[in-house]
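Following the hints, put chain D in place on chain F, whose structure we already have.
Residue strings, one per chain:
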Amino acid sequence: GESVGLHLPTLSVQEGDNSIINCAYSNSASDYFIWYKQESGKGPQFIIDIRSNMDKRQGQRVTVLLNKTVKHLSLQIAATQPGDSAVYFCAERGRNAGNMLTFGGGTRLMVKP
Amino acid sequence: DTGVSQNPRHKITKRGQNVTFRCDPISEHNRLYWYRQTLGQGPEFLTYFQNEAQLEKSRLLSDRFSAERPKGSFSTLEIQRTEQGDSAMYLCASSLAAAGNTIYFGEGSWLTVV
Numbered sequence: 001g002e003s004v005g006l007h008l009p010t011l012s013v014q015e016g017d018n019s020i021i022n023c024a025y026s027n028s029a030s031d032y033f034i035w036y037k038q039e040s041g042k043g044p045q046f047i048i049d050i051r052s053n054m055d056k057r058q059g060q061r062v063t064v065l066l067n068k069t070v071k072h073l074s075l076q077i078a079a080t081q082p083g084d085s086a087v088y089f090c091a092e093r094g095r096n097a098g099n100m101l102t103f104g105g106g107t108r109l110m111v112k113p
Numbered sequence: 114d115t116g117v118s119q120n121p122r123h124k125i126t127k128r129g130q131n132v133t134f135r136c137d138p139i140s141e142h143n144r145l146y147w148y149r150q151t152l153g154q155g156p157e158f159l160t161y162f163q164n165e166a167q168l169e170k171s172r173l174l175s176d177r178f179s180a181e182r183p184k185g186s187f188s189t190l191e192i193q194r195t196e197q198g199d200s201a202m203y204l205c206a207s208s209l210a211a212a213g214n215t216i217y218f219g220e221g222s223w224l225t226v227v
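Top line first, the protein sequences correspond to chains F and D. Here the first sequence is numbered in my numbering, starting from 1 and rising by one per residue. Here the second sequence is numbered in my numbering, starting from 114 and rising by one per residue.
For reference, chain F alone in the conformation it holds in the complex (with noise of 0.2 Å):
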């Protein structure tokens, strides 16, 4: 399938090891925000997300982190595995935005075996 995301910013780490993937947001009234799996030639898969009345989310194996101070999110994943590889997305979505999700520009993670 096509591949997504030919320029994005790209993280590598060696299997088992814990990623951190960072995003920054840009609109303070946002409250709702989600990270997202996409795999090449596939669509965004939900992996977790977080409201803005909390600031850490645990999910199996990944954890959210929301800094609305800064306007920053982060993805902890850990022990982190070969079919982890794919390129992550967050999106945000605004109090007053409706149902209209933001993404940003995703970052690539490559696991190493």
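Source of the hints: derived by calculation from the structure; they are not laboratory data. Any given hint could be a false lead.
In the BS3-like style, the derived pairs of lysine-lysine whose C-alpha atoms are separated by at most 30 Å in a straight line are [as the list claims (entries may be wrong)]:
1) F:K71 to D:K184
2) F:K68 to D:K170
3) F:K42 to D:K127
4) D:K184 to F:K42
5) F:K42 to D:K170
6) F:K42 to F:K71
7) D:K124 to F:K42
8) F:K68 to F:K56
Derived coverage of chain F by chain D (criterion: at least 3 residues anywhere in the stretch with Cβ under 8 Å from a Cβ of chain D; other residues may be distant) [to be verified]:
9) 42–54
10) 104–111
These numbers come from a predicted model, not from an experiment. Even glycine gets a Cβ: it sits at the ideal position worked out from N, Cα and C.
Then chain D, alone, in the frame of chain F:
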């Protein structure tokens, strides 16, 4: 498979032709969204429906684009008089109506205009 279903997955068309994509959302989801994604970019919002009503449209949705959801279930996105700049992946997503409900995406329909 109970996820969001899109077809066709790939479409190659000549410039000037019309194309139509179909989306079948997750069955209990009353909100349906269309996004467009080009290589190296994140998805961009085009429009969304709640049931059969089209409630929001992006400025990206030119008058050559039309989306419908006639019975509040499946949706179609038609592009008339396609241009090379329309080449992209067209993503459909769905969710429940309540605020903060997760938006789930389909696998997308790739359009190549030659």
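Could you check the structure against the hints above and give me the numbers of any it violates, in ascending order? 1
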